[in-house]
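**Q** Letter by letter, the chains look like this.
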Amino acid sequence: MNANPQTLGPLPVPPRPAEARRLVVGLAGQPNVGKSTVFSILTGLSAEVGNWPGRTVERREGSARINGREFHVIDLPGTYSLTSNSEEERIAREFILNERPDVIVMLADAAALERNLYLLAELLLLPIPVVLGVNMVDVARREGVEFDAHVLEAALGLPVVPMVASRNEGVAEVLAAAAAIADGERPFAPDRPEIASAHREVYELVHALVAPFVPAGLPADWAALKLLEGDREVTEKSRQWLPPDAWASVHELLREHEDAVLDVAGARYEWIGRMVRAAVRRPRLGQISFTDRFDRVATHPGWGLALLLAVFGMVFWLTFSVAGPVQGWLEETVVARASAGLAGALAGAPAWLSGILVDGMLAGAGIVVTFVPILFVFFLALGFLEDTGYQSRMAYVMDRFMHRIGLHGKSFLPLFLGFGCNVPAVMGSRVIESRPARLLTIMLTPFVPCSARLLVLAFLVPLFFPAFPALVAWGLVVANLVVLVLIGLLLDRFAFRRERLAFIMEMPLYHVPNPRTILIFAATNVWTFMKRAATIIVVVSMIIWLLVSYPGEHVNDSYLAGFGRMLEPVGALMGLDWRLIVATLSAFVAKENAIAALGIIFGTEGEALGTTLAAAITPAAALAFLVVNMLFVPCVATVAAVRQETRSWGWTAASTGLMLASALLFGTLVYQGAVLLGLGGAGA
Amino acid sequence: MLRKVLATVAEGRVGSTAELAAAIDASPAMVEVVVAELERRGLLQRAGECGTACGGCPSEPACDPRAQASAWMLTSAGRRYAGN
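In order, the protein sequences belong to chains A and B. Counting from 113, one number per residue, gives the positions in the first sequence under this note's numbering. Counting from 42, one number per residue, gives the positions in the second sequence under this note's numbering.
Computed cross-link-like contacts, EDC-like style, restricted to lysine to aspartate or glutamate with a CA-CA straight-line distance of at most 20 Å: (1) Lys45/B / Asp371/A; (2) Lys349/A / Glu364/A; (3) Lys349/A / Asp333/A; (4) Lys45/B / Asp66/B; (5) Lys45/B / Glu370/A; (6) Lys349/A / Glu199/A; (7) Lys45/B / Glu618/A; (8) Lys45/B / Glu60/B; (9) Lys45/B / Glu73/B.
These are calculated hints, taken from the structure and not from any lab test. Nothing here was measured: the structure is a model prediction, and the numbers come from that model.
Using the sequences and the hints, build the whole thing.
**A** Below is the structure:
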């Protein structure tokens with residue numbers, strides 16, 4: 113870092129006449145630093161509001177009188193920097209360069225000096241003296257941030273005034289400091305950031321080329337830095353200012369050194385870091401220490417993975433042990449009674465009407481109702497993990513684990529984002545440069561068990577395996593992870609050839625979860641799920657009822673049975689009869705439909721669905737059914753995302769085909785293995 | 042500072058912003074600001090955006106990847122600059 117005082121040459125402060133003339137003050141700062149409050153306190157009723165000439169951005173100005181001295185204050189638009197990225201930034205810098213206020217008062221948020229001082233670093237390059245008002249010091253103090261105004265003042269070389277504008281503390285003082293600077297009564301010898309050494313020479317060359325042609329009043333060093341930064345406006349204007357041969361040389365230099373921006377902006381951040389290190393104290397809070405300590409376990413490649421698997425197991429155990437009984441109660445009382453009541457009310461109605469309403473619509477709606485406890489407990493657990501800060505460690509842990517076993521995880525960030533949803537995972541794969549590797553990653557992303565699939569798993573597993581649901585669900589998730597690791601291994605060896613995907617993750621501090629936040633999270637999610645899933649489940653339920661009720665008397669003679677039987681030769685490999693096959697196929701529209709389809713096809717006749725299924729399906733077939741449903745074609749949105757990212761129907765079909773083939777392969781392997789282990793007998 | 046962050050990320054030695062802060066001897070607050078700057082300049086790209094594609098999914102609010110993990114990856118310009 114090079115940030116020597118006066119490196120760009122001291123800016124001359126014009127001599128002031130003895131009489132106290134009115135001073136023009138520009139009020140600058142990033143958004144949300146309390147600029148409006150300070151402006152209102154200073155100008156009161158004198159404030160006038162208009163627009164900046166030729167712009168739609170509001171211009172506010174007014175008069176202030178402090179200690180008998182009059183000030184004209186102009187409130188500049190809130191900006192993060194003075195690069196021509198936005199209208200506000202252009203207005204702020206044009207005002208400073210063209211209207212030349214006597215002083216700039218820049219406000220900063222005491223708790224976020226790292227963010228706020230970037231604007232100061234840019235202001236110091238312009239030929240106007242600056243006073244820094246550090247606002248909201250009370251809020252910063254409450255957050256444990258202490259800053260020493262004297263140290264900061266000495267380090268920056270300009271007046272620094274601590275403020276609490278909301279209590280009118282420091283407001284008059286900041287204007288008094290502005291007057292002292294403008295009158296030359298206080299020194300203004302700022303330490304300015306300078307371009308880093310890597311491009312210092314290039315800067316000198318550009319400076320030498322532009323200096324003779326920059327319009328009077330515009331600092332040539334500022335123009336040269338802005339050119340190296342790639343500032344669009346300065347670049348365009350330079351083309352007009354410079355003669356063609358000088359512009360051609362500048363243009364060539366800029367083209368060759370397009371990365372110079374890193375050394376211009378980077379040096380400013382080095383400068384900020386130095387200032388903040390000197391003047392700001394951020395005590396290590398207990399939470400940070402706890403986070404560090406806990407992360408030694410939670411993000412450890414081995415222990416972290418063990419913890420992750422334990423957390424998965426705990427979520428399922430909690431879901432089943434708390435929600436299971438409530439779900440059973442709902443099924444046996446609310447749903448069964450509603451069904452009996454509706455059937456009684458429709459006793460005189462035609463059989464088809466009674467059937468479609470009671471066994472189709474109500475059965476579907478009943479399934480939705482019995483979803484509620486499972487969903488609620490599942491989302492409570494997820495909300496807890498998110499609110500404590502643990503959830504963001506999951507992808508990180510898997511990445512560390514991959515590193516530990518020799519994989520470099522080129523595809524694993526996109527893959528593991530898929531734990532939430534496959535769609536962003538597919539889209540995330542666009543960071544992979546090589547097209548074959550990217551396509552392969554897209555193809556494999558839908559293998560990640562998304563939260564919708566985990567939910568279906570949470571609902572189905574206790575129906576098939578009521579004795580030890582948590583163990584089975586956990587085992588299926590672990591098996592899915594093993595499949596992913598194998599996929600990663602293949603990708604790493606054959607597609608990426610051990611390339612790395614460089615990334616960083618931000619992990620929040622751990623903190624005590626807020627029960628209210630978690631409850632709201634769970635309730636909102638359950639409600640959204642119900643709204644979105646209920647309609648499709650009820651409609652699909654009615655369609656399935658029609659297809660299993662016609663044309664024959666018995667379900668085995670139905671259209672659906674006929675269709676399902678055509679696929680039975682394939683299903684037989686996995687122990688799936690036509691009923692389980694069509695339940696699986698119905699999940700193509702939405703994963704949750706598999707549950708409703710099972711309810712209608714198996715027709716519980718007063719018994720709980722779990723009891724009926726346990727009697728009709730062997731454990732081996734149930735296990736194969738769950739595996740097939742975990743690996744089966746992903747949801748429509750994921751298929752659409754695959755199409756969007758690959759821009760090819762062929763690759764989209766290939767992705768869908770791969771999932772289907774995997775479901776068949778693993779379903780068959782699991783079923784045949786389970787039969788060999790003696791799980792092919794009746795009753796799960 | 043920006044160059045140091047890009048180079049450190051590109052080397053793959055760090056996986057989290059906390060590790061990055063330690064590696065370049067900067068405060069976590071400083072790293073946060075610098076990462077935002079690199080993202081603004083198109084040298085880092087936030088991972089896990091799904092646009093409107095998740096809009097119809099019943100599980101959408103629960104699986105916002107940004108809530109699960111904020112992650113940034115080098116863009117092609119970022120990789121190019123990091124290599125310089």
